[in-house]
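Asks: Below are the chains, spelled out letter by letter.
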Amino acid sequence: QEPIKVKIGILNDRSGLYSDLSGEGSVIAARMAVEDFKSINSTIEVEVVSADHQNKPDVASSIARQWYDLDGVDVIMDLPTSSAALAVSEITREKNKIVIVSGGGTSDLTGSKCSPNTIHWAYDTWSLGNGTATALMNKGDDSWFFLTADYAFGHALERDTAAIVKENGGKLAGSVHHPFPGTDFSSFLLQAQASGAKVIGLANSAADTTGAIKQAREFGIIEGGQKIASLLLFISELHALGLEAGQGLIVTDAFYWDANEGTRKWSKRFGEKMNGAMPTMAQAGIYSGLMHYLKAVAAINNKDSLPVMAQMKATPTDDVLFGKGRIREDGRKIHDMYVFQVKTPSESKYPWDYYNTLATIPAEKAFRPMTDGNCFLVKL
Amino acid sequence: MTDINSKSTSVQNPTLGMQPHHAIIFLSLLGLGLVGPFLLYPVFLMKVMCFALFACAFNLLLGFTGLLSFGHAAYFGIASYIAAHAVKVWGVSPELGILLGVASAAMLGLVIGSLAIRRQGIYFAMVTLAFAQMVYFFSLQAPFTGGEDGIQAIPRGNLFGLISLRSDFMLYFVVLGITLGGILAIYRIIHSPFGQVLKAIRENETRAISLGYDVNRYKLMTYVLSAAIAGLAGSTKALVLQLASLVDVHWSMSGEVVLMTLIGGMGTVFGPILGAAVVVTMQNYLATFGAWVIVIQGCIFVLTVMLFREGIIGLVAKWIKKPL
Amino acid sequence: MFELIGIMPQALFGQLLLGLINGSFYAILSLGLAIIFGLLNIINFTHGAQYMLGAFVAWMLLNYCGVGYWGALLLAPIIVGVSGIILERFLLSKLYRLDHLYGLLLTFGLGLIIQGLLRNQYGISGLSYSIPPQLAGMQDLGFMFVPNYRAWVMIASLVVCFTTWFVIEKTKLGAHLRAATENPVLVGAFGINVPLMITLTYGFGVALAAFAGVLAAPIYSVNPVMGADLIIVVFAVVVIGGMGSILGSIVTGFSLGLIEGLTKVFYPEASSVVIFIIMAIVLMIKPAGLFGREI
Amino acid sequence: MRDAELATYSPPVAKEALLRVRDLQGWYGESHVLHGIDFGVQPGEVVTLLGRNGAGKTTTLKAIMGLLGKRSGSVVFEGQETIGLPARAIARAGIAFCPEERGIFSSLNVQENLLLPPQVKPGGLTLERIFQLFPNLKERASSQGTKLSGGEQQMLAIGRILRTGAKTLLLDEPTEGLAPVIIQQIGRTIEQLKNEGFTIVLVEQNFRFASTVADRHYIVEQGKVIDMIPNNQMDANIDKLHAYLGV
Amino acid sequence: MQFSSSKTEKSVPGDEVILTASDLTMEFKGFVAVNKVNLSIRTGSIHALIGPNGAGKTTCFNLLTKFLTPTHGKIIFKGKDITTKSPADVARLKLVRSFQISSVFPNLTALENVRIALQRTRGDSFDFWRSQKIIAGFDDRARVLLAEVGLLQLEGVIAADLSYGRKRALEIATTLALDPEMLLLDEPMAGLGQEDVERIAALIKRVSVNRTILMVEHNLSVVASLSDCITVLARGGVLAEGDYATVSKNPSVVEAYIGAGHA
Ligand SMILES: Nc1ncnc2c1ncn2[C@@H]1O[C@H](COP(=O)(O)OP(=O)(O)OP(=O)(O)O)[C@@H](O)[C@H]1O
Ligand SMILES: Nc1ncnc2c1ncn2[C@@H]1O[C@H](COP(=O)(O)OP(=O)(O)OP(=O)(O)O)[C@@H](O)[C@H]1O
Ligand SMILES: [Mg+2]
Ligand SMILES: [Mg+2]
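Protein chains in written order, with our numbering: chain A, 1335 to 1714; chain B, 8 to 331; chain C, 2 to 296; chain D, 6 to 252; chain E, 64 to 326.
Hint data in this document are derived by calculation from the structure and do not stem from the laboratory. Nothing false has been slipped in among the hints.
Beta-carbon label-pair distances, calculated as ranges:
#1 B:Arg125 - E:Thr147: 14 to 24 Å
#2 D:Gln85 - E:Ala308: 44 to 54 Å
#3 C:Lys95 - B:Pro330: 24 to 34 Å
#4 A:Lys1607 - C:Trp166: 53 to 63 Å
#5 D:Pro127 - E:Thr309: 48 to 58 Å
#6 D:Ala146 - C:Leu99: 34 to 44 Å
#7 B:Phe176 - A:Ser1477: 52 to 62 Å
#8 D:Gln85 - C:Val168: 33 to 43 Å
#9 D:Arg27 - E:Ala265: 37 to 47 Å
#10 E:Phe94 - D:Gln85: 39 to 49 Å
#11 A:Glu1698 - B:Arg173: 32 to 42 Å
From the three backbone atoms N, C-alpha and C, an ideal C-beta is built for every residue, glycine too.
Just chain A, same shape as in the assembly (with noise of 0.2 Å):
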């Protein structure tokens, strides 16, 4: 029998923001993934390609087009800025192909916006706003503020914080929207101390959240009292920041490199391609995803979009990175979410010794009720 091909193209971000994070990460997860199938079945032949989006939508659909059309391509993964995993569900909806997002956020991937060719991987602002904003919730930090970065995505994050701030009791004491992407944060960060709220949330990403950060301890906020919950902080932006400046910071996670001896078996394999880099929560994403893809394929021994995509549904995912899990009717991949607390310098034992875990969110409570999300697809 003629063994099934498939291609895989992973398209994120090479060069910007976003490159370390997902980038060449990304693609070596992908290739991990390929090895580790080919070890359990090799009746599937998979080639991994992949380009820089820039960042840019208007980029993003061109390869994603160029790719589905001439170029064979069935699964897109990864896809950080949200603009950009939105911009692409699109044309694979169209073309009714498949993409995986592990890198973009937007929980409008499976809410509004849904699409029966999409899955959403790791991690969506629902799910990062839910786990931060609960553990600091029951903590007693109950009163918010929000700097949040002045783009859809920013405006996603806060918007779903807020509203689980505002259903546990919690009190908004404001927000600013800052220009993205930002420099100086001193002057929004000096409105959040005036505010008086216990807690300032950055709804921001990357540069913006680090730079906020740094700024935040210069002029004394952490250590006058405030809180900082970096609502999206990847650990590869926290490696770059430092323990210095990153201590004592609350963040949500999908995936800890250091969580159990599978994570850390795979991630030194995974950091002995990367410099002793560790995976991030999307490249992590990655792996699994397509691991589950791939099983998928031959178990229906077919490769056609929906019926993949159906079969990818209805069986439950389980895998050494992120543990049990499923996907819903929304496409939305749900499994435990962590929240962690950045360790002080002096904690810090080991390279990339980063995290003490604050809580475990179990799946079912981990992301947004399908019935919220208004998806097409889910029926009520």
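Dock chains B, C, D and E with the ligands against chain A, hints included.
Replies: Coordinates of chains B, C, D and E with the ligands only, in the frame set by chain A:
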């Protein structure tokens, strides 16, 4: 007394009011356009064509009137938003969407142009940049543009309510028509009596004034025309990629169109087309090289400025000693 | 009265002070641009990259040579300045007779190259560079806490701007420079080496950018794109101040920092566009900028 | 008529000439202005270039100074060929130029304007000496250069180059637009400078003034030197001169 | 000769005045370049404006053609007050100037240079959709004008490649194309070789039929032979006025301009 027919000049010639070698180039462009989709990926070609039209519109201003607008992305972008919104939300047909896009770009051009035209040189460039930044800010804040996400999944609809444009192939020929039409229009503008005055203004503005020309009105007119054609390119692009986003209004887009025009040869009719093809191809095929794209782009800027300021087509025109 | 608009006067003072500190960067950067434009007639779009280069060189000096902040504050501007001199000698000097457009495009391209190369080498996440221990800590001003480092930035910027202004307006060297701006041919006929002076001026303007980069390194992240967007804003500052005007660029740099600071309080989303609105208004009313000489 | 004269005229041969100009050609962009200027100046001499507007007198001075975009021929100064040198090297060799339009810098005050040109040779006049020559300048030392009256600007322009130590001066219409008293004063200054060993090439429209200070006069027409009249033969040649200057 | 003008038949300067400037003053930041100048130019005359460099002649031209707006004073042209008009408006009233420094369209051919001016007579037409053929109709007239200044053989040459004197000639042809009623020439002879001077002088004489000409000129023999009336400006003010014989004997003119030593 004087032998009037002693010499023939460049103006009188038979080919549709076009110089013969220009007619040949237009025909070969048409030919290339017709066989193109059988050789290359149609969506890529459509993208090249949209940018070619955009660059030609920009060049109408820079190359033929001597005005460096550093905010042309505003017209490209705003038209693509308006066309996208009209088609997607109001459900109008694609040709009407494009028309609305063009009209809004022209309106915006009229407003910004009438203010900017009063300044000269680098100040003109800065005023246009400033207004373009405001348009960018508007696009970021206005609810209908979808912020960072842009307007996505724009339906291509049916041309005149009849012909479905869903297939890339059908759309391709529509875009080819629009682009060639647009470039022919620019060609006609340049070679009209109006264009002749523009040329005179670029050459020697004071003298044109002293001959009695209301130079500012000519400049404004050109500015609006250029904005409208940039809008045509922008709205067509929105339909092709089914996406209108902030990238289209960002100042780096204004920079890119300068690059295209410069590489191809500013002040030539055909240069910007080649320039656009080179830049889009580069971005497309160098995408896997990551940050090297920027380095290469930078090198092209430097090389162009240091070695061939006339641009590729400009150089060719110099060799064959004929305007292209 | 201030409470009426929801801001306490004390908080407002704090915000104004912050604005002024940010204005320090605008002032040094626009000063460099203005000097270069005034003398070379070139719009130096590489300025943003050279600012970034300053920060990177400081980082490299620390990590590869063990030279700390204070050493970098002196060395980085010299190193980057010399690189500027090389650029001027081999590339820019060929363009003086041409339209502004070409100088702008060339320097824009150079900026892209520098930025791209560093991006390839160091990625984009940014490198961290810490505040020198001597300047850690804060001062309580009553209405706000000011980090010592920021206070230092402002003082350093004021000193550099004032010194530069003094040298150019009040010394013999400055007299030569100003005269050469007005009539380079005649100054050459007096036996002064104008091309050399131009080269050194470019080097100095670039060194100013690098100096600002070193100042920025500890508070903003050191990354290859840190100057990319800034340059457009700084350019606007120069245009508002009046292209080529030394005093104009300093005053406008600080004032726009203030205005931007206020915008961050009242309409934060617009803080990135306010400078362009001001520029459009200023150019409509006073075409040559606030301090510029009418043509 | 002119051509005949041109043919008969040959420049005086002087071995010890301080400044020797031969077949000097000069262009502004594409327009060819100097068509072969020939003349020489002995050390300590004052010579004038006379000619109508547009004859090429200013251009001659500029060409000697190296300020013309394109020039050819030969300019030998103190035995050194300077045709290939840049302006600043010619200035350093000891020639100073005072331009027709004066070239006062508006961004510098009077004192700064005076101190602007660097000293190229020892023995230039001191600032005190210059102020002594032009007391007006001392009074207005701190006002903006271009705020001075036309006459004062002219004094400033001359004073400025006396400081440099250059002993060969090229003065382009130093009396233009000046009141008679000031012209007289400048006349006396030139006399003084001459006595101190300065060599001066003077371009003048006002040949009455020229005849009071100069040793010899060269007539320039259409970019050529067409005649030379020693000052002591002025009266004898007055008709010829009128014909040249076309009045 | 072959140059035909449509209107006015009279050619001898009469008493009728075409342009008056009264109390014309131009101040540049405290510096008065033109000071209370009164000019009246008779219809059909050739009027010369002379004076030392910097006397304010070009500034006067700039004021009359509205390239500068006077600080004080009034300009009446053909009975209309044009003090506040724009340069283009003035040109359309058929008051047209040439420039002191040669001012052609360098990358257009000689023919196109002239045609641009002829084209203006169609009115300010913004017909960008039309073919250029529409203006080819002007070619014949453009050639007549070029022949007039001796440039017919060079009609296809790019203006930048013409010699200096020919550029001046081309400029005059372009100016004539507007069929001006009054022509302002700023140093038409500047930079011209002797034979050019003679040819252009003849040309000016020829086209002055039916036109009024105001010219600035340093070439006194041209001024003497061409002009009906001369105004001498010095330091921004009128020093003397009259025909050449009168003016050249005026002692203050001799002193300020012609030179005392050689009257
Ligand atoms: N910058 C220039 N560009 C082009 N031509 C010029 C320039 N300067 C002068 N000319 C021309 O060169 C010729 C000689 O000019 P030059 O200034 O040498 O005359 P001059 O003898 O000094 O006259 P004047 O007595 O008016 O000062 C003139 O025909 C003039 O028009
Ligand atoms: N824009 C301006 N600003 C300031 N002063 C000016 C300006 N334009 C002209 N002037 C001054 O006004 C005076 C008259 O200048 P104008 O050009 O009218 O002289 P002109 O009589 O035409 O001289 P020329 O014979 O040299 O052409 C000069 O002193 C000049 O410096
Ligand atoms: Mg002269
Ligand atoms: Mg003049």
